[in-house]
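Q: Spelled out from the first residue to the last, the chains are:
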Amino acid sequence: AQKITQTQPGMFVQEKEAVTLDCTYDTSDPSYGLFWYKQPSSGEMIFLIYQGSYDQQNATEGRYSLNFQKARKSANLVISASQLGDSAMYFCAMREADYKLSFGAGTTVTVRA
Amino acid sequence: NAGVTQTPKFQVLKTGQSMTLQCAQDMNHEYMSWYRQDPGMGLRLIHYSVGAGITDQGEVPNGYNVSRSTTEDFPLRLLSAAPSQTSVYFCASSGSGPGANVLTFGAGSRLTVL
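Each protein sequence line maps, in turn, to chains A and B. Mapping to the working numbering: the first sequence position 39 is 39, numbers consecutive. Position in the second sequence counted from 1, then plus 1000, gives you the working numbering.
By construction, these hints were calculated from the structure, which means they are not laboratory data. Watch out, some of these pointers could steer you wrong.
[Said to hold, decoys possible] Label-pair ranges, simulated between beta-carbon atoms: (1) A:S28 <-> B:M1041: 19 to 25 Å; (2) B:T1020 <-> A:P40: 46 to 52 Å; (3) B:F1010 <-> A:F47: 37 to 43 Å; (4) B:P1083 <-> A:Q57: 27 to 33 Å; (5) A:Q57 <-> B:Q1057: 34 to 40 Å; (6) A:D55 <-> B:M1041: 26 to 32 Å; (7) A:R63 <-> B:K1014: 27 to 33 Å; (8) B:A1107 <-> A:M11: 23 to 29 Å; (9) A:R63 <-> B:L1079: 42 to 48 Å; (10) B:Q1022 <-> A:F47: 39 to 45 Å.
Please read all numbers here as calculations on a predicted model, not as lab measurements. Don't be surprised by glycine CBs; every beta carbon is placed ideally from N, CA and C.
Just chain B, with the same shape it has in the complex:
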């Protein structure tokens, strides 16, 4: 099973460039989310989705866009990258029923903005 697949694993951008982090899951999970991890701050929720066509903001949504056109995919878009967006990004998914609440994480994407 592939689980949650994130691409790319590493990316270097210049300030002002745009890019999309891809996330795909093959577990038919309704819930998908994006987190960023910065030293000493744990993981902070950027955006999340409870199903196709539904997205909502998390704790740190500014500078990021998401869409959920299918159950499987949940891309994260940086419209105009800033050095403050240098971070490790994790995509995670889960089912939404009782007993299906464990989030499965992707391997992470390390983004550097110069």
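Chain A with its partners taken away, still in its complex shape:
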């Protein structure tokens, strides 16, 4: 079974607007971590934001925030005030107790001027 599901293969967003990238996960571990990575066209993997399963508050890092809904097993990434440099592939990932990190298929975001 898929551990991480990203249902949006591609999205377009207007510059300066916000965009939400969906991510749902599946685990029976009580302790896990959720991550978002950005992969620009140059190919490197850039860590954006982390949410632990026991964290009470939603994680935020600058223009990135993670909308964590534990009961729904959802960890959506919100990018506020989109910039042209935000155009990239975005991956949701989950790390369980065995340290293995499972990735979703990714969502391509294109920011339009």
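Got chain A; can you put chain B on it based on the hints?
A: The following block gives chain B in isolation, referenced to the frame of chain A:
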């Protein structure tokens, strides 16, 4: 800081050839792993290690071998390359304690098998 260093960045092989992708990290990370990235499939875990002398299989281990003789190095070996192994390979490492779970990735190695 060098972080995670992968070599080579690009490699072309013929079917049946063998090769080793090198991965080294200078952050004293206990956890190291190899992923392959194929279009539309995200990153899939090949093998991983939680410390020197310990390795385990991930989601797609067939056709690949690994070893972890030191904390710093985690080479990935293709014993007999197949066209299905054409992919981009990433090495990644992290610490294993609380708050140290973020994986740091290497720049990637693009492998083509003809």
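Q: When the hints from earlier in the document are held up against this structure, which numbers fail?
A: Result: hints 2, 3, 4, 7, 10 break, sorted rising.
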